[in-house]
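There are 2 protein chains.
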Amino acid sequence: MAEIHRASTFAPVNIAIIKYWGKRNPKLNLPTNGSISVTLSQDDLRTHTTASTSSDFTEDTLTLNNESQDISGARTQACLRELRALRKEVEHQDPSLSKLSDLKLKIVSENNFPTAAGLASSAAGFAALVRAIANLYQLPTSPTDLSRIARQGSGSACRSLMGGYVAWQKGEEEDGSDSVAYEVSSASHWPDMRALILVASADKKDVSSTAGMQQTVATSALFEHRASEVVPKRMKAMEKAIHNRDFESFAILTMKDSNNFHACCLDTQPPIFYLNDTSRAAIRMCEYINSLHPDDKPYCAYTFDAGPNAVVYYLAEHEDIVAGAFKSILDGKTGWEGPRGQHVKPHPGVEGIEHVAEKLQVGISRVILTSVGDGPRKTDEHLC
Amino acid sequence: MAEIHRASTFAPVNIAIIKYWGKRNPKLNLPTNGSISVTLSQDDLRTHTTASTSSDFTEDTLTLNNESQDISGARTQACLRELRALRKEVEHQDPSLSKLSDLKLKIVSENNFPTAAGLASSAAGFAALVRAIANLYQLPTSPTDLSRIARQGSGSACRSLMGGYVAWQKGEEEDGSDSVAYEVSSASHWPDMRALILVASADKKDVSSTAGMQQTVATSALFEHRASEVVPKRMKAMEKAIHNRDFESFAILTMKDSNNFHACCLDTQPPIFYLNDTSRAAIRMCEYINSLHPDDKPYCAYTFDAGPNAVVYYLAEHEDIVAGAFKSILDGKTGWEGPRGQHVKPHPGVEGIEHVAEKLQVGISRVILTSVGDGPRKTDEHLC
Numbered sequence: 001m002a003e004i005h006r007a008s009t010f011a012p013v014n015i016a017i018i019k020y021w022g023k024r025n026p027k028l029n030l031p032t033n034g035s036i037s038v039t040l041s042q043d044d045l046r047t048h049t050t051a052s053t054s055s056d057f058t059e060d061t062l063t064l065n066n067e068s069q070d071i072s073g074a075r076t077q078a079c080l081r082e083l084r085a086l087r088k089e090v091e092h093q094d095p096s097l098s099k100l101s102d103l104k105l106k107i108v109s110e111n112n113f114p115t116a117a118g119l120a121s122s123a124a125g126f127a128a129l130v131r132a133i134a135n136l137y138q139l140p141t142s143p144t145d146l147s148r149i150a151r152q153g154s155g156s157a158c159r160s161l162m163g164g165y166v167a168w169q170k171g172e173e174e175d176g177s178d179s180v181a182y183e184v185s186s187a188s189h190w191p192d193m194r195a196l197i198l199v200a201s202a203d204k205k206d207v208s209s210t211a212g213m214q215q216t217v218a219t220s221a222l223f224e225h226r227a228s229e230v231v232p233k234r235m236k237a238m239e240k241a242i243h244n245r246d247f248e249s250f251a252i253l254t255m256k257d258s259n260n261f262h263a264c265c266l267d268t269q270p271p272i273f274y275l276n277d278t279s280r281a282a283i284r285m286c287e288y289i290n291s292l293h294p295d296d297k298p299y300c301a302y303t304f305d306a307g308p309n310a311v312v313y314y315l316a317e318h319e320d321i322v323a324g325a326f327k328s329i330l331d332g333k334t335g336w337e338g339p340r341g342q343h344v345k346p347h348p349g350v351e352g353i354e355h356v357a358e359k360l361q362v363g364i365s366r367v368i369l370t371s372v373g374d375g376p377r378k379t380d381e382h383l384c
Numbered sequence: 001m002a003e004i005h006r007a008s009t010f011a012p013v014n015i016a017i018i019k020y021w022g023k024r025n026p027k028l029n030l031p032t033n034g035s036i037s038v039t040l041s042q043d044d045l046r047t048h049t050t051a052s053t054s055s056d057f058t059e060d061t062l063t064l065n066n067e068s069q070d071i072s073g074a075r076t077q078a079c080l081r082e083l084r085a086l087r088k089e090v091e092h093q094d095p096s097l098s099k100l101s102d103l104k105l106k107i108v109s110e111n112n113f114p115t116a117a118g119l120a121s122s123a124a125g126f127a128a129l130v131r132a133i134a135n136l137y138q139l140p141t142s143p144t145d146l147s148r149i150a151r152q153g154s155g156s157a158c159r160s161l162m163g164g165y166v167a168w169q170k171g172e173e174e175d176g177s178d179s180v181a182y183e184v185s186s187a188s189h190w191p192d193m194r195a196l197i198l199v200a201s202a203d204k205k206d207v208s209s210t211a212g213m214q215q216t217v218a219t220s221a222l223f224e225h226r227a228s229e230v231v232p233k234r235m236k237a238m239e240k241a242i243h244n245r246d247f248e249s250f251a252i253l254t255m256k257d258s259n260n261f262h263a264c265c266l267d268t269q270p271p272i273f274y275l276n277d278t279s280r281a282a283i284r285m286c287e288y289i290n291s292l293h294p295d296d297k298p299y300c301a302y303t304f305d306a307g308p309n310a311v312v313y314y315l316a317e318h319e320d321i322v323a324g325a326f327k328s329i330l331d332g333k334t335g336w337e338g339p340r341g342q343h344v345k346p347h348p349g350v351e352g353i354e355h356v357a358e359k360l361q362v363g364i365s366r367v368i369l370t371s372v373g374d375g376p377r378k379t380d381e382h383l384c
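Chains as they are written, first to last, in full-length UniProt numbering: chain A, 1 to 384; chain B, 1 to 384.
Among these hints, one or two may not hold up.
Claimed, not checked - Under the rule of at most 20 Å between Cα atoms (straight-line distance), these lysine to aspartate or glutamate pairs were calculated in the EDC-like manner:
no., chain 1, residue 1, chain 2, residue 2
1, B, K99, B, D70
2, A, K104, A, E3
3, B, K233, A, E224
4, A, K345, A, D374
5, A, K233, B, E224
To be verified - For the chain B half of the interface with chain A, some residues (derived, Cβ under 7 Å), not all of them:
no., residue
6, M1
7, H5
8, E82
9, L139
10, N259
11, H262
12, E287
Stated by the list, open to error - Quick list of the computed label-pair ranges, beta carbon to beta carbon:
no., chain 1, residue 1, chain 2, residue 2, range
13, A, E248, B, T210, 41 to 51 Å
14, A, D295, B, Q361, 38 to 48 Å
15, B, H189, A, H355, 42 to 52 Å
16, A, E248, B, A211, 22 to 32 Å
17, A, E358, B, K99, 58 to 68 Å
18, A, D295, B, D175, 51 to 61 Å
19, A, S291, B, A74, 51 to 61 Å
Treat the hints as calculated values from the structure; they're not laboratory data. Idealized CB from N, CA, C, for every residue including glycine.
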């Protein structure tokens, strides 16, 4: 049996605060506008991926959560092709290295969260795939260069190659060479950012984001204005808010941009609905929590991706107000039982929003407590 | 007892197909953009109003559905002031006329539909008030001139002073003198337009339209684009569709503009939601019905005002497909029992949308079948 080379990584989930929606080039996954996300802690949510290569392997394979995946799609192929080309360069420069670029790859991947939770698993998945192969090939490539490759697998994957607060710049080049992610600030710059994910009970999902965003580009009368006017200003303002650790601006921009994105979905023909009555109740609950602030500033900010789950950002110092308020009405749901959840005290002051509480009790199946985290972590735990 | 002068009218409800949302002058109810509506038949939905005047009356009074209403608001006062001024002119020109302009008014009004149904009752109400007083005063004023007055009571009321297909032009003058309604086409030009109203079960209403629209103007990043770019083009296209009796264009514009308006509501900070899961199911049901068309043209068009009720427009020739499809899943609800409803045959082909059907069965409390109709009708039936 031939030698097996192997490398493994963990990669994080990221949740956008300025949303990616719309491609100017679907083949290369080039977006109509920039986006910014928070990388979430891999202690809570992560994809674990092992990439191996051996002359014994007869074809490229990908396994996710023990199920064989189709690897022939143009997006996965683009990632593999680019990574092999980089390895070939390295081998060319150092002829003593094994010729791994000529061998088939075996990629084994596992998420530590249920796929049904509707979290953006493809982002973590493609980031882990690219990072694991880059480790296997011992590429000197920077995270930003790798983000250009991961982007071709799944747009938002480019933001999971870094930790903390990450921007994906739209880029101007036709070949996408400058449509890459960069770190706005590290997790350690603003480490007290927390996220409470409210996982909504399974409902039949609306159109996929891949199909939906191009319908929006083609039919919305508002979208072009969002992409060309609204988002560029918000990108700058959000970067500034992050640099200044200005939660008020961060929160207002986050909520506005989530609503603006979903407004463009609704303005699509036929309209796309990702928010349902449960999502609306989560928004009203956040507004209620924010109304408790003595200076009328936000304690928390909601955001929704292409699904009904709410992600609620807040600062650690307000955990008992924000997570506590949700715990007071959602205690008993899966997710509070860990050490982090047990630590949250139900907030006593939840009154006058019984209607909202009832909707959430019916519509939310579980919660996930997490925080801002770092970028992909190399690991010696290999999957096989 | 002094002589009583009296005049009565019926006035219709109108449902916009290009939506009014946003005031550029809240005091005068001057809109940020034009709008177009269909006047609905007074055989089905109407406000009945009697205006009386007598030297015995000691104050202006208004009664709606047997409940005394506050008449001191600036909007009602503006209507009364303008109408009295016009009467004064008439009296000045013909001194033989009674000096009614100096006397107090008693206005008695009744809607033949439940206020709780969430139909735009203020439009019919102010149109009836203005029309009844104009009749009482025997004003020679044209419907368009009266629309300028009714607009100051409730913006969309100006569109209920005419029948058929009615536009309210934005106007350019600061005093609002050119912000008036005009008939795009009479009901008889395109008489086979039908409307099925799906009344959603009472839910706590979001913000009022008066407050909501100004929040949108103040906070939405998309609204200005809607008002200045999107609506003006649609106004022209919709007038053309009506002139040409082009249901396909009418339907597509109607659906797009409803979605565009609700998108701007969602883009408001805090977001305004009028559509709920029941509304969404009504949209999906219309899309299903339209998918049955052999040439992929719309059989029907949905539109939603500031609430969850759907109004579904269709042509008489497609009654069995459109109303029939809704009857097949909503049979047994109040509203089908009249002669018009009994005539509708449940459409047999409703399959594969059980999820949508279930949502509608739970969320819709009654249906109203109606059609395009004419403008206010003078009547000798007086309320007192």
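Hint by hint, here is what the structure shows:
| no. | hint | verdict |
| --- | --- | --- |
| 1 | B/K99 / B/D70 | 25 Å, violated |
| 2 | A/K104 / A/E3 | 13 Å, holds |
| 3 | B/K233 / A/E224 | 16 Å, holds |
| 4 | A/K345 / A/D374 | 27 Å, violated |
| 5 | A/K233 / B/E224 | 16 Å, holds |
| 6 | M1 | 52 Å, violated |
| 7 | H5 | 49 Å, violated |
| 8 | E82 | 36 Å, violated |
| 9 | L139 | 41 Å, violated |
| 10 | N259 | 5 Å, holds |
| 11 | H262 | 6 Å, holds |
| 12 | E287 | 5 Å, holds |
| 13 | A/E248 / B/T210: 41 to 51 Å | 29 Å, violated |
| 14 | A/D295 / B/Q361: 38 to 48 Å | 46 Å, holds |
| 15 | B/H189 / A/H355: 42 to 52 Å | 46 Å, holds |
| 16 | A/E248 / B/A211: 22 to 32 Å | 24 Å, holds |
| 17 | A/E358 / B/K99: 58 to 68 Å | 60 Å, holds |
| 18 | A/D295 / B/D175: 51 to 61 Å | 42 Å, violated |
| 19 | A/S291 / B/A74: 51 to 61 Å | 30 Å, violated |
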